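2 protein chains.
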Amino acid sequence: MIKEKLKIIPLGGLGEIGKNMTAVEYGEDILVIDAGLMFPDEEMLGVDLLIPDISYLLEHKSKVRGIVITHAHEDHIGALPYVLPQLNVPIHCTKLAKGLISVKLKERKILSQTKFNVVAPGGHFNAGRFTVELFPVCHSIPDAVGLIIRTPVGTIVHTGDFKLDYTPVSGPPTDLSRLAQVGSQGVLLLMADSTYAELPGYTPSEQVVGQAIDHIITNAPGRVLVTTFASLISRMQQIIDAAARHDRRVFVIGRSMSDNVRIASDLGYLKLPPGVMGRVEELSRTPHDKVVVLTTGSQGEPTSGLVRIASRVNPHLSIMPGDTVIISASPIPGNESLVNRTVDNLFKQGAQVFYGSRTQAHVHGHASQEELKLVLNLTKPKYFMPVHGEYRHLTLHAKLAQSLGMPDAYTFVLEDGDVLELNSAGGKVGTKVSADNVYVDGMSVGDVNSAILHNRRMLSRDGIVVLSVAINKHSGKLVGRPGIVSRGFVDAAEARELLNAGCDLVADLLGRCDIHSVTSGFIDNEIKNALDKYFYDKTKRRPIILPVQMHV
Amino acid sequence: MIKEKLKIIPLGGLGEIGKNMTAVEYGEDILVIDAGLMFPDEEMLGVDLLIPDISYLLEHKSKVRGIVITHAHEDHIGALPYVLPQLNVPIHCTKLAKGLISVKLKERKILSQTKFNVVAPGGHFNAGRFTVELFPVCHSIPDAVGLIIRTPVGTIVHTGDFKLDYTPVSGPPTDLSRLAQVGSQGVLLLMADSTYAELPGYTPSEQVVGQAIDHIITNAPGRVLVTTFASLISRMQQIIDAAARHDRRVFVIGRSMSDNVRIASDLGYLKLPPGVMGRVEELSRTPHDKVVVLTTGSQGEPTSGLVRIASRVNPHLSIMPGDTVIISASPIPGNESLVNRTVDNLFKQGAQVFYGSRTQAHVHGHASQEELKLVLNLTKPKYFMPVHGEYRHLTLHAKLAQSLGMPDAYTFVLEDGDVLELNSAGGKVGTKVSADNVYVDGMSVGDVNSAILHNRRMLSRDGIVVLSVAINKHSGKLVGRPGIVSRGFVDAAEARELLNAGCDLVADLLGRCDIHSVTSGFIDNEIKNALDKYFYDKTKRRPIILPVQMHV
Chain L
148 MIKEKLKIIP
158 LGGLGEIGKN
168 MTAVEYGEDI
178 LVIDAGLMFP
188 DEEMLGVDLL
198 IPDISYLLEH
208 KSKVRGIVIT
218 HAHEDHIGAL
228 PYVLPQLNVP
238 IHCTKLAKGL
248 ISVKLKERKI
258 LSQTKFNVVA
268 PGGHFNAGRF
278 TVELFPVCHS
288 IPDAVGLIIR
298 TPVGTIVHTG
308 DFKLDYTPVS
318 GPPTDLSRLA
328 QVGSQGVLLL
338 MADSTYAELP
348 GYTPSEQVVG
358 QAIDHIITNA
368 PGRVLVTTFA
378 SLISRMQQII
388 DAAARHDRRV
398 FVIGRSMSDN
408 VRIASDLGYL
418 KLPPGVMGRV
428 EELSRTPHDK
438 VVVLTTGSQG
448 EPTSGLVRIA
458 SRVNPHLSIM
468 PGDTVIISAS
478 PIPGNESLVN
488 RTVDNLFKQG
498 AQVFYGSRTQ
508 AHVHGHASQE
518 ELKLVLNLTK
528 PKYFMPVHGE
538 YRHLTLHAKL
548 AQSLGMPDAY
558 TFVLEDGDVL
568 ELNSAGGKVG
578 TKVSADNVYV
588 DGMSVGDVNS
598 AILHNRRMLS
608 RDGIVVLSVA
618 INKHSGKLVG
628 RPGIVSRGFV
638 DAAEARELLN
648 AGCDLVADLL
658 GRCDIHSVTS
668 GFIDNEIKNA
678 LDKYFYDKTK
688 RRPIILPVQM
698 HV
Chain G
148 MIKEKLKIIP
158 LGGLGEIGKN
168 MTAVEYGEDI
178 LVIDAGLMFP
188 DEEMLGVDLL
198 IPDISYLLEH
208 KSKVRGIVIT
218 HAHEDHIGAL
228 PYVLPQLNVP
238 IHCTKLAKGL
248 ISVKLKERKI
258 LSQTKFNVVA
268 PGGHFNAGRF
278 TVELFPVCHS
288 IPDAVGLIIR
298 TPVGTIVHTG
308 DFKLDYTPVS
318 GPPTDLSRLA
328 QVGSQGVLLL
338 MADSTYAELP
348 GYTPSEQVVG
358 QAIDHIITNA
368 PGRVLVTTFA
378 SLISRMQQII
388 DAAARHDRRV
398 FVIGRSMSDN
408 VRIASDLGYL
418 KLPPGVMGRV
428 EELSRTPHDK
438 VVVLTTGSQG
448 EPTSGLVRIA
458 SRVNPHLSIM
468 PGDTVIISAS
478 PIPGNESLVN
488 RTVDNLFKQG
498 AQVFYGSRTQ
508 AHVHGHASQE
518 ELKLVLNLTK
528 PKYFMPVHGE
538 YRHLTLHAKL
548 AQSLGMPDAY
558 TFVLEDGDVL
568 ELNSAGGKVG
578 TKVSADNVYV
588 DGMSVGDVNS
598 AILHNRRMLS
608 RDGIVVLSVA
618 INKHSGKLVG
628 RPGIVSRGFV
638 DAAEARELLN
648 AGCDLVADLL
658 GRCDIHSVTS
668 GFIDNEIKNA
678 LDKYFYDKTK
688 RRPIILPVQM
698 HV
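In order, the protein sequences belong to chains L and G.
Be aware that the first sequence starts at 148, since it is given in the working numbering, and climbs by one per residue.
Be aware that the second sequence starts at 148, since it is given in the working numbering, and climbs by one per residue.
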């Protein structure tokens, strides 16, 4: 009997879609799976991005043997530039992942000190007491893998992000045979992608999209613009192939799309038929029925290719009647209105727009319920832990496992920071470790706290009023008249009277009081409150009141 | 030949879902259709709501004969409290609409001076040269109507918000026979609801929902909580009837829900079986399998019934395993994450949650493509103008009409403020009138402008730094040391050094310069820019820098 416990510690990615990171710990060894980022929701004002809290890893820094990356999406690699300088361990990943990660590390000037171990899908590596095999899975980026982790306590299978797709456009299908083999040898724990656990049935093959896009291009009278995720290499391949079939040339607009076309074709993941790619400078003199434009902006991002085109600020291309636009992506939750606004703008300029789920111009990259059942069925795990998803996705995935006969007590719906402890005697959830949101804002990581966000929220609602008061430091008397300036509260010109009345109120209160009571506290409390009440009564708005005192 | 033109002027509701208002003008008469509000999007920081711009109506105030209301949803009646005091004209509407509008006008203390003309569905009224018939339509509120407006130039049909539903739960179905009759007599212009013009097929009957909810209640082991829109009276009726069938009592939690249950049952739109309604105080001592709770919060609104229950702050009810929650509504675009968060919270506390489109616990209230085609087919209009929808909805609706043989030139996809001019010779779009967004923020209507919103946006991103400088008014010299305080920029305690260095920089710049150059302009430009650059270099954040000068 093995007494030493195997610990599974989700540090990000449970209860949220994004910033995936999981630590697997046994004895003196920790292996980290993924290091992703997440974009802030609308309440995290001014925050650029969120990364996992790695304080647990830093406390046990000497144990950390490396980071294995399942695939090169931002929500799995985006935190590397922030955590690598603190952890300084090797990265184990496939070839394309290394290419895409390197670009980011180079930008942050930490590429040269990073050690990569490139592992081919099907290959393996050792990290302390762990032996890790990478098995190929289908996902919306090439070279994605799941993990088979051999530990002294038993075997862990981690699917990474995946779907099945028996007919992928490029690369191998998800290796179900290998999963069946491992399953027959005995799997201690399955961790599986829950992102689409709400969806019944099967996720369609990427091939479906190729046919839909080909059909639209066949019938398009003029230029065809297609936008998709810049990392969706197989989608780009289908678009480029369709263009070639219809004797059209492909023009790429958008920085991340151009970068990825270059990296993916250099590394052999994207095949460019000779002569198909055009330079954007040639676009204006190419006949419209010979043009396909591949561009960024599938999420309506304000500075992206398609949005700039839709706003008529791209120097090479303006929409005109006869143009066809295909949005080959679904909006990530929260981006719906940005995407809708872009579609509206394109329609206004006379384009024919194909968007939304009914055009079949997009399929997503995650397994639906029947696929999840199949993986549970093949791997036959003793314990099950749904990963990647908000709480309802994890819950529904756990219920799905239970509907296949998995006992409730062997199913673990965890939150970030929970510690799942497994040994041959059983599994239990131990003491929580720190797994807070870490905010990146501008240059700094982690200094934005809830007080700053609270202030930004207050400022965003009703603005700020700055009250300036000069006090004679000898007599304690008010010098001159108090000043009031505001930002984001009222129109200063229109509301001059209101602001002046506020000054009068303060001057009156300060004038009436005993000289010795004009203390900082009096201004910061009584005066501030009086002004707050006055403005609220007059406007029903509640700006931050910031008194500034000068002792002169 | 009639030379005088009939003008159709959308003042709100085109290019947006909400704040519906259309003016119909002929000679000396203007009839206004609806007066709705819209909730702000996330960029309109601090704004409470948006209403239509009525400056055109105010310019032609003497012509305005009245406002006709198609149904009592906020996006059709919510602007009445703001526009009625300025226009002071009678409201023509059905009985339930009068009841729900009266509550709002009473709150604003303008009920007594408002003149209502209650018209039954099927009835009509005169307004200047217009004769207006109200015909019954099905929608997600009882007593909804469309309009048949007879004008000297011809007949206008306006559908209002509608779907068909041959088996409505209460009230009559949409009066297709009347539409066919009017169509055979000749319709000049059809204005029809485009909200769901993206959706193929037919919208299911409200009956479907009743069966789904009944099925869930039948199988629920404990309490059942159902949330829906407070104005969806027929849904409440189905829930109350299902509760009665299963020998459960109904408890209402949430102010707008309680208000509407009272008004709707007083006016006869909601039938309460004897003994079925319970008082919330009795909830804790009622056996769980005898309880149905009807509550607000279907959009995840932070102060609503369900959200407070999910956050464990409702005094009468806390979620426990065995509870079942039904979200009988779909999220309005923009509300997805609030709803998701609520569902996650309920799952965490052990509830079984039915949500989303796959549970059939909700059908929407607008016509899908086949229904829209049917209405076009029956009314056979000469001209067609899609209404109610964002630009893509209007465009798709117009394309739908064109697919039925309507000539492109007779289809008008307009934006707010466009003027459609019709006479017997033809139709054209004339000079635009003012139709901007009017923001309501706190007490005031229309004073929030783009400069204020821009400032709020800046403040929300990186906060504010207030620089205070005292200048001797005689010598022009700096008095004491400059002061810096910030809000929402950095943590003041952690970043003391940074803020101090900012003060040093300012003191240094002011100290070095010629006394006579310490002008307001110098501080507002050079000093402000230097500080902005310094903070950006150090933090990559760009707070608003607000210099405050005191001449002492």
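Source of the hints: derived by calculation from the structure; they are not laboratory data.
Heads up, some of the hints might be wrong.
The list treats identical chains as one, so a pair stands whether inside a single copy or across any two.
Okay, derived cross-link-like pairs now, DSBU-like style, lysine-lysine, Cα gap no bigger than 35 Å in a straight line [stated by the list, open to error]:
no., residue 1, residue 2
1, Lys154, Lys262
2, Lys685, Lys620
3, Lys251, Lys579
4, Lys152, Lys520
5, Lys675, Lys624
6, Lys495, Lys154
7, Lys208, Lys680
Just so we're clear, the structure is a prediction, and the values are computed from it rather than from any experiment.
A quick look at each hint next to the structure:
When the C-alpha separation of Lys154 and Lys262 is checked against a cutoff of 35 Å, the pair qualifies only within one copy, where the shortest distance is 26 Å, while the shortest distance between copies is 72 Å. Taking the closest pair of Cα atoms, Lys685 and Lys620 come within 35 Å of each other both inside a single copy (34 Å) and across two copies (34 Å). For a Cα distance limit of 35 Å, the shortest separation of Lys251 from Lys579 inside one copy, 32 Å, qualifies, whereas the shortest one across copies, 50 Å, does not. In this homomeric assembly, Lys152 and Lys520 come within 35 Å of each other (Cα to Cα) only inside a single copy, at 28 Å, whereas the closest approach across copies is 66 Å.
Taking CA atoms no more than 35 Å apart as the test, Lys675 paired with Lys624 passes in both settings, with 18 Å inside one copy and 29 Å between copies. Taking the closest pair of Cα atoms, Lys495 and Lys154 come within 35 Å of each other only across two copies (23 Å); inside a single copy the shortest separation is 56 Å, beyond that limit. Taking identical chains as interchangeable, the C-alpha atoms of Lys208 and Lys680 are never at most 35 Å apart, the minima being 53 Å within one chain and 37 Å between chains.
Hint violations for this structure: number 7 only, all remaining hints satisfied.
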